[in-house]
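Chains A and B are the protein sequences, given in the same order.
Heads up: the first sequence is residues 76 to 300, going by our numbering.
Heads up: the second sequence is residues 47 to 660, going by our numbering.
Just to be clear, a hint being listed does not mean it is correct.
To be verified - Examples of chain A residues lying across from chain B (beta carbon under 8 angstroms, computed):
| # | residue |
| --- | --- |
| 1 | Thr-92 |
| 2 | Arg-96 |
| 3 | Phe-99 |
| 4 | Asp-104 |
| 5 | Arg-107 |
| 6 | Arg-115 |
| 7 | Leu-118 |
| 8 | Trp-121 |
| 9 | Tyr-131 |
| 10 | Ile-132 |
| 11 | Phe-134 |
| 12 | Gly-141 |
| 13 | Gly-172 |
| 14 | Asp-200 |
| 15 | Cys-283 |
| 16 | Leu-287 |
Claimed, not checked - Lysine to aspartate or glutamate pairs mimicking EDC-like chemistry, simulated, CA-CA at most 20 angstroms apart:
| # | chain 1 | residue 1 | chain 2 | residue 2 |
| --- | --- | --- | --- | --- |
| 17 | B | Lys-51 | A | Glu-124 |
| 18 | B | Lys-50 | A | Glu-204 |
| 19 | A | Lys-94 | B | Glu-245 |
| 20 | B | Lys-378 | A | Glu-124 |
| 21 | B | Lys-583 | B | Glu-541 |
| 22 | A | Lys-242 | A | Asp-207 |
| 23 | A | Lys-94 | B | Glu-49 |
| 24 | B | Lys-61 | A | Glu-267 |
| 25 | B | Lys-51 | A | Asp-201 |
| 26 | B | Lys-51 | A | Asp-207 |
| 27 | B | Lys-50 | A | Glu-145 |
| 28 | B | Lys-61 | A | Glu-261 |
| 29 | B | Lys-77 | A | Glu-173 |
| 30 | B | Lys-51 | A | Asp-104 |
| 31 | A | Lys-85 | A | Glu-145 |
| 32 | A | Lys-237 | A | Asp-200 |
| 33 | B | Lys-61 | A | Glu-143 |
| 34 | B | Lys-50 | A | Glu-173 |
| 35 | B | Lys-50 | A | Glu-261 |
| 36 | B | Lys-568 | B | Glu-602 |
| 37 | B | Lys-225 | B | Asp-203 |
| 38 | B | Lys-50 | A | Glu-182 |
| 39 | A | Lys-237 | A | Glu-261 |
| 40 | B | Lys-51 | A | Asp-247 |
I should point out that these hints are in silico values taken from the structure, not numbers from a laboratory.
The beta carbon of each residue, even a glycine, is placed where N, CA and C say it ideally should be.
One-letter residues, chain by chain:
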Amino acid sequence: MFSERVFALKNVRLVYTKKGRLRFVSHLDMNRFMSRVIKRSRLPVWYTEGFNPHAYITFALPLSLGFESEYEILDIKLVDDNFDIAKIPDILNGICGEYINFFDVFEPTLKTGLIAAASYEISFDDGGEIFDKLSDFLKQDSIICSKKTKKGDIKQLDIAQKIKNMKIEQSDNNTVLHLTLPSGSEENLNPELLITAFYEANQKEYYCYNVLRTAVLDKEGKLFR
Amino acid sequence: MDEKKFEQLLLTVQKPGRYAGGEINSIIKDKEQVSVRFAFCFPDSYEVGMSHLGMKILYSLFNSKEDIWCERVFAPWPDFEKVMRDNSIPLFALESRDPIKDFDIIGFTLQYELSYSNILNMLSLAGVPLRSKDRDSLLPLVVAGGPCTCNAEPLADFVDVFFLGEGEKVDLEFIELYKEFKKNGKSKSEFLKAAAQIEGVYVPSLYDVSYNADGTVCAVTPKDDAPFPIRKRIEENLDETFYPESFVVPLIEIVHDRAVQEIFRGCIRGCRFCQAGFIYRPVREKSVETINRQAKALCLSTGYDEISLSSLSTSDYSCIEPLLNDMLDWTKEEKISLSLPSLRIDNFSEELLQKISSVRKSGLTFAPEAGTQRLRDVINKNITEEEILSSCRTAFKGGYTSVKLYFMMGLPTETDEDIKGIADLAQKIVDEFYHLENRPKGKSVNVSISVANFVPKPHTPFQFHPQITKEEMARKQQYLKDCIHTKKISFSYHENRTSFLEGVFARGDRRLGSVIEAAHKKGCKFDGWDEFFELDKWLEAFIECGIDPHFYANRERSYNEINPWDHLDYCVSKEFLISQNELAKGAITTPHCRKKCSVCGANVFGKGVCFEKR
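Build out the structure end to end from the sequences listed, making use of the hints.
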């Protein structure tokens, strides 16, 4: 009975924010977390048919431990074609705690492999101290970062040309950097690389910072949906 | 501390999820609206502590009361401890992140002796004076419960109040009384005197201990009308006992990451080495209906896809088959897997095997505990070699190709013949596999034997016996290794140095307090973890305090001697323990509680298996 329905699975894409204490949850642990939320929701999701069935869920783009995000994508499959998907965010928000907020749901238009970039907002707790230095650092024609390859070697990488939509602001308490970096399966740059390179170049004082992912984009630079 | 700074520091350590809080079903209250704040401390890592059922029960129970806010605290891993000390972050509770030194009650659960150094380390991290006498004000009170309170003496200098037995009722009565005394501005000593009158409450400072010239206890004398002996508390009707409808679901993976359903307390068997088998008497069961209802609620509120039944010797549950039938029905429907952790060899039927293997085919584990029939009779294990072999046969027929067997080494009356018996038994099981015509084809068999070190524990018939020395234990382990001649048998054993320290504390007295403090000052912590355990530092601490650890671990105790724990009444009489020990010497077994009452003393509660029809 179950398998007859498989052809009618409905793909559903959910978008949520992940903030506060939940940013200490790694990608792997997030997977467990969401599986349990989905199980508690009793939504008609498709379960894998192995010996230990579990709800089928996919995260479009992993988020580094410690980052917050305003645009996290979770894909699920429903076995009930007539289910009103608009109800899903409220159902999930009722059980997933205060640090996750589902705010959008739709049938996906793009495959997750087509993610091309992500935008970030990085705020430094510097009292506005590093604004000038950071501006100068980012104006350079070449910005060399050290990136660990999968084999464990350190590779030198010039990312100056890869940074898009950059904007830097100063307020009384902090310096805020907005930027877009390549993201996804083809090329992936973590903003930590840039911050580390900046701190290495300016070995004076270290300021705390917070990274917030603000958007996930497709090749045209449009919001990924 | 500033929240942002704190969170940045979290990002510098391993597994920050251990300290972040914010888990689903964790409880946040308004601290202005509660009258008692309780810091429930588990003196080990988050992953270990969050797996513990007792903590989940009491956390939910306390928080079900509007005016109590109970929060969780775990021992920070050494990397984060360093960050805390470097940045002057006092030990805090996960929910509010408030320092626990400002709480009303700091409560520890004592699950194993090797966590004692962590208790002192946590108090020191909290900024709370270690010794009870150095804490003058009513709050924070330092209290402790759990199995190790059955000999609480080594911690008597540090802990204000111990709870004996099951905590559900006594803890709440205690907190009620505390509320009243706090409101009326009473002193700590006034409160402790009053609290000692609650059954199950042991206030060590109200008892003087004197010693004989040979170092043994001369007398334990109560003061200020404190009760003597102090009797443990139990829950009389488990169907009416509080059980949580939800667990805090951890954000990081923990040791036992699943829903846990308790099905009964106590054990009918009376294995003579087993402390749990004596201190949790009498056996009391939950009904099939209660278990199903509670288990469903738990799965629903946590989203766990695995549930495990919890008890000693699970297959002794009187309605195990109807229970499994009911549970398998709905768990299958809900795509939840069911696991049974504790099975006995002698009532392990083909039906039972089929039921568990329809769920999850993990390895099978049995505990013969000793290698020869004589020694199994000494420890009152009450299983025969034929039962062991036939259970393995059943398992092999059912498609299993590996079995794990638990044994102990260093048991009273043990000889090298008994050690060789372990290897012989494992070999017979291997042979059993190859004699089977319809054995799983094309597969080899693996019998893994895991040998723990026997540590004599208080309130058991073996409490009088010396623990064998580390050196003798090492010799026995080597001898067993030499007796194994096939790769189909794999052998693992336990670290001897930690067992020695465990043995010292298990039957220790109040004079060990100074040793624990000295070892703590030398940096001892996480003693249960091989990578942190430093016996040398402990031995230095013993020497500095002028205390011989062998006096506690390796000495035969006479029946007349007053043991440091004799005034703690677990309702199993000393006469019974002595008679059991005498039977052990003659390798004579005692039938289990359902077959025949052996008059241990646990019937004083008027409940449980003592009053079942036989």
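Status of each hint after checking the structure:
no.	hint	result
1	Thr-92	violated (14 angstroms)
2	Arg-96	holds (3 angstroms)
3	Phe-99	holds (4 angstroms)
4	Asp-104	holds (5 angstroms)
5	Arg-107	holds (7 angstroms)
6	Arg-115	holds (4 angstroms)
7	Leu-118	violated (12 angstroms)
8	Trp-121	violated (11 angstroms)
9	Tyr-131	violated (12 angstroms)
10	Ile-132	violated (12 angstroms)
11	Phe-134	violated (16 angstroms)
12	Gly-141	holds (5 angstroms)
13	Gly-172	holds (5 angstroms)
14	Asp-200	holds (6 angstroms)
15	Cys-283	holds (4 angstroms)
16	Leu-287	violated (13 angstroms)
17	B/Lys-51 with A/Glu-124	violated (46 angstroms)
18	B/Lys-50 with A/Glu-204	holds (18 angstroms)
19	A/Lys-94 with B/Glu-245	violated (47 angstroms)
20	B/Lys-378 with A/Glu-124	holds (13 angstroms)
21	B/Lys-583 with B/Glu-541	holds (17 angstroms)
22	A/Lys-242 with A/Asp-207	holds (13 angstroms)
23	A/Lys-94 with B/Glu-49	holds (14 angstroms)
24	B/Lys-61 with A/Glu-267	holds (18 angstroms)
25	B/Lys-51 with A/Asp-201	holds (12 angstroms)
26	B/Lys-51 with A/Asp-207	violated (23 angstroms)
27	B/Lys-50 with A/Glu-145	holds (19 angstroms)
28	B/Lys-61 with A/Glu-261	violated (29 angstroms)
29	B/Lys-77 with A/Glu-173	holds (19 angstroms)
30	B/Lys-51 with A/Asp-104	violated (24 angstroms)
31	A/Lys-85 with A/Glu-145	violated (25 angstroms)
32	A/Lys-237 with A/Asp-200	violated (25 angstroms)
33	B/Lys-61 with A/Glu-143	holds (17 angstroms)
34	B/Lys-50 with A/Glu-173	holds (18 angstroms)
35	B/Lys-50 with A/Glu-261	violated (34 angstroms)
36	B/Lys-568 with B/Glu-602	violated (31 angstroms)
37	B/Lys-225 with B/Asp-203	violated (24 angstroms)
38	B/Lys-50 with A/Glu-182	violated (37 angstroms)
39	A/Lys-237 with A/Glu-261	holds (13 angstroms)
40	B/Lys-51 with A/Asp-247	holds (18 angstroms)
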